[in-house]
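Number of protein chains: 4
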Amino acid sequence: MANSRFEYVRNFELPDQVLLNTWIVVRVDGRGFHKYVMRINIIECAKAVMQEFGDIFLAYGQSDEYSLVFTKTTNVYNRRSTKLASTVGSLFTSAFVFHWPEYFKSTPLTYPPSFDARVVSYPSIKVLYKVSYNPPPPVHLHILRSQNMRDYLSWRHVDCHINNLYNTCFWSLVHTGESTPQDAEALLRHTDAKAKHELLFSQFQVNYNDISPMFKRGSTLFRTPDKSIAIAHVDLIKDETFWITHIPLLTPRQDDH
Amino acid sequence: MANSRFEYVRNFELPDQVLLNTWIVVRVDGRGFHKYVMRINIIECAKAVMQEFGDIFLAYGQSDEYSLVFTKTTNVYNRRSTKLASTVGSLFTSAFVFHWPEYFKSTPLTYPPSFDARVVSYPSIKVLYKVSYNPPPPVHLHILRSQNMRDYLSWRHVDCHINNLYNTCFWSLVHTGESTPQDAEALLRHTDAKAKHELLFSQFQVNYNDISPMFKRGSTLFRTPDKSIAIAHVDLIKDETFWITHIPLLTPRQDDH
Amino acid sequence: MANSRFEYVRNFELPDQVLLNTWIVVRVDGRGFHKYVMRINIIECAKAVMQEFGDIFLAYGQSDEYSLVFTKTTNVYNRRSTKLASTVGSLFTSAFVFHWPEYFKSTPLTYPPSFDARVVSYPSIKVLYKVSYNPPPPVHLHILRSQNMRDYLSWRHVDCHINNLYNTCFWSLVHTGESTPQDAEALLRHTDAKAKHELLFSQFQVNYNDISPMFKRGSTLFRTPDKSIAIAHVDLIKDETFWITHIPLLTPRQDDH
Amino acid sequence: MANSRFEYVRNFELPDQVLLNTWIVVRVDGRGFHKYVMRINIIECAKAVMQEFGDIFLAYGQSDEYSLVFTKTTNVYNRRSTKLASTVGSLFTSAFVFHWPEYFKSTPLTYPPSFDARVVSYPSIKVLYKVSYNPPPPVHLHILRSQNMRDYLSWRHVDCHINNLYNTCFWSLVHTGESTPQDAEALLRHTDAKAKHELLFSQFQVNYNDISPMFKRGSTLFRTPDKSIAIAHVDLIKDETFWITHIPLLTPRQDDH
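Protein chains in written order, with numbering that gives the first Met the number 0: chain A, 0 to 256; chain B, 0 to 256; chain C, 0 to 256; chain D, 0 to 256.
Quick caveat, the hints were computed from the structure, so don't treat them as lab data.
Any given hint could be a false lead.
Chain copies aren't distinguished; within one or between two, either way the pair holds.
Claimed, not checked - Listed next, the in silico EDC-like pairs over lysine to aspartate or glutamate satisfying Cα-Cα at most 20 Å (straight line): (1) Lys237 to Glu6; (2) Lys226 to Glu184; (3) Lys226 to Glu51; (4) Lys46 to Asp238; (5) Lys82 to Glu12; (6) Lys82 to Asp28; (7) Lys226 to Asp54; (8) Lys46 to Glu184; (9) Lys195 to Glu177; (10) Lys215 to Glu239; (11) Lys215 to Asp28; (12) Lys195 to Glu43; (13) Lys226 to Asp191; (14) Lys195 to Asp182; (15) Lys215 to Asp234.
Note that the structure is a prediction, hence the values are computed from the model and not measured.
Input sequences plus hints: build the corresponding full structure.
In structure tokens, the structure reads:
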């Protein structure tokens, strides 16, 4: 608005757009959080961001982080990195503080919590095709291509599994008074998954398979064909548990370059 | 933490560091705010960010925006743009929602407000030297170099002045019932500063010079020699009103490359 | 090698790598060339670059430009843009001047000619699948996906066609003395392709279809399965004229993410 | 020129401009050169580039590299990195091959040599002020600020010195038949500058101080006030040997932001 001899300073802002036709992931991460407390709350935050940005078709969260995935054709904010990271991160943060009292009435926040956000983009995805041709074949056919975008989500999914198994053991040891946090850490340091399962079962009568899917597998928010937002706590690595039944998420018509 | 065959996806994150030895400005901006309401609150937010980041030596705010300036030698987060923008923006947002009830008890927030943040860097600054030499000259001598960093702050300062004069006229017309918002806008569209001053004085008996400096000049937060944070509502364009008395802000010893 | 107090200046070099798993195109362009003279020579230059960089699987040239395409998995020079552009451009230039006398003995260069180079990357490609399944279908099946990388080559191909048709008309008019360059330009300005074909045929008895494929379609260099470099002057837009018979170029095993 | 449905692919080119108001250095480097042979020739190449780009005010070369420095206000090619690197590198290369026969008639090039080029930018410089004030002081006064741009040149200058002293020893040992290259390398590996001076003097009666300044100090090309290009083989680290007598190079009026 203000035209002055100082206005030239605007030109020092450098462009930072993300390559076209790549999936854009904004991952929001808690800064120094007590991770255990907040899982329900951050689902609410991711949902608030998805409601504002129609081009986010899927979001996956676990622990104190959420990855929000924009369609590869999105043009929101001209695909500028810092604009995307700061806006998504700010809205997520705002929703977190705003909704906190609804979830944790008895333990008010004592300081303003914050998140960082980063932007990564992926050029390819594991595609599931339904091939149709003429004359028609005996069965529908899926051609699978294993690629980066799904690998990203698989990476976060593995992280969820490993962290949650560790944390379940750790807090079982600590909360029951069996160990100090230091002892628990030392005890768990060199155990593999199998040993952790056995520890839970033998010492705490916990069958890890019975743990809530939300904790074991994280929370996947996705946009349904009618544009509403649904949630699932499922395996995102295998094709069968989520992707085959949600093929349109990965191959929307408008992406068809 | 989790080592899996998916971990390669980390390498898709591209670096985005800001050039070394340049002042880094992070400007936080309200997204669609009712601008009038919030000036006190955002000073609090900027202060919270300055308390967390010791390398911010000055912050200037007006309307619904705040510019936070890092020293040119800062190495916080390796000077990565999206990390800086998202973290500063998130902390600012969090403080805004967190502190809101202290300022506006009677009007609770009805939805989570958010901010965007951008990063710009400036290579030079208007330097004020105190020259000392031998034999001593009759007076101390200032050599001034007009440069980018101070021009940036002057740019925001001019913006503050123009917006505030306009808004003072606009809301005077609207709140007193003299005009509809549309009429007020039409009336003010082609008036210059002088005409606006006269309008305020003749119709509303307001001498614009008597308006609070906080509104006329915005709010400058700066770090004092003892590292505490002070506030001033002063002219940032002229040398005499702020800079000459705060030379160390611009020429800290550690910046002396 | 030299360790001195000045060495810190190395850290001012900013990273500029290209996103992983995308095809990298380096396009080399003559700076202010007489375009007509040089087609054979630039094929030699592109070949020299392909001999040095084994990760270039295809190069397409026309007029005074050449586009060299690296496999999407290449890691040459850590995918740094300026390194790729400058090295490819320098080698191309060097070969141009070095080999000039072999082609144009009677017209020695009078000044050092130069090229610029740019880097663009593409995340996707028009893929041609050979689907095999069980029980086997009556015929092999191609699934086509139209995408960016092939569209880039098609774009340059269309450019080749339009420029060459125009230039053939232009130089026919000028060289036969029928028009001055200005008149020829004015005459051709608003003609479509059909009118240009007719002009060539009626005034110069030239059937454009008989023009050498090298001029009409440009020159495609590609790496054969035995890693040698072959050349073709073919339509790169349609599937049938080149791509279907060279499927491995687009889907090398090592790209299979 | 060609408007087609493929033209959208242009938008995949990402911007890469250098921050405003910073000195831009393009450093051109020989790829795998026999370094000894070429010093005169590369001065010619740098001069050709300076003749084409009026905004290069200084160039410093040694061994097989040249650093060309653009004024900080240059807007050539909109300050795009790859465009600058590729064009400067190409012109440098072209001049190298083009002028080769003039210098090395008896040893023609056997293959096309090439260079890479990189872009670095520096925000500050060691400034030399001439302070004038009223009433006039007894002497003119220089205020020195040690900064990045001059440090860059000092860095290359130190590199020149160290490499040249090493190479003088190495080739003295090898050319006289006293050592194999391997022995020479082993002999020199852990010697300091003083030991190298003594080796030259005692074994080869060479006083290193008598070596040509062009080899000891490299070649500085600079633009004189009348815009012609001059050359100097001087110390670029100290203020007195070059900079104080060429103050306008560093503080041209048009840079005065």
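Here is how each hint holds up against the structure:
no.	hint	in the structure
1	Lys237 to Glu6	between (54 Å within a copy, 17 Å between copies)
2	Lys226 to Glu184	neither (44 Å within a copy, 38 Å between copies)
3	Lys226 to Glu51	within (12 Å within a copy, 40 Å between copies)
4	Lys46 to Asp238	neither (24 Å within a copy, 44 Å between copies)
5	Lys82 to Glu12	both (12 Å within a copy, 16 Å between copies)
6	Lys82 to Asp28	both (17 Å within a copy, 11 Å between copies)
7	Lys226 to Asp54	within (10 Å within a copy, 43 Å between copies)
8	Lys46 to Glu184	neither (34 Å within a copy, 37 Å between copies)
9	Lys195 to Glu177	within (15 Å within a copy, 69 Å between copies)
10	Lys215 to Glu239	within (18 Å within a copy, 50 Å between copies)
11	Lys215 to Asp28	within (19 Å within a copy, 38 Å between copies)
12	Lys195 to Glu43	neither (31 Å within a copy, 47 Å between copies)
13	Lys226 to Asp191	neither (42 Å within a copy, 46 Å between copies)
14	Lys195 to Asp182	within (15 Å within a copy, 60 Å between copies)
15	Lys215 to Asp234	within (9 Å within a copy, 54 Å between copies)
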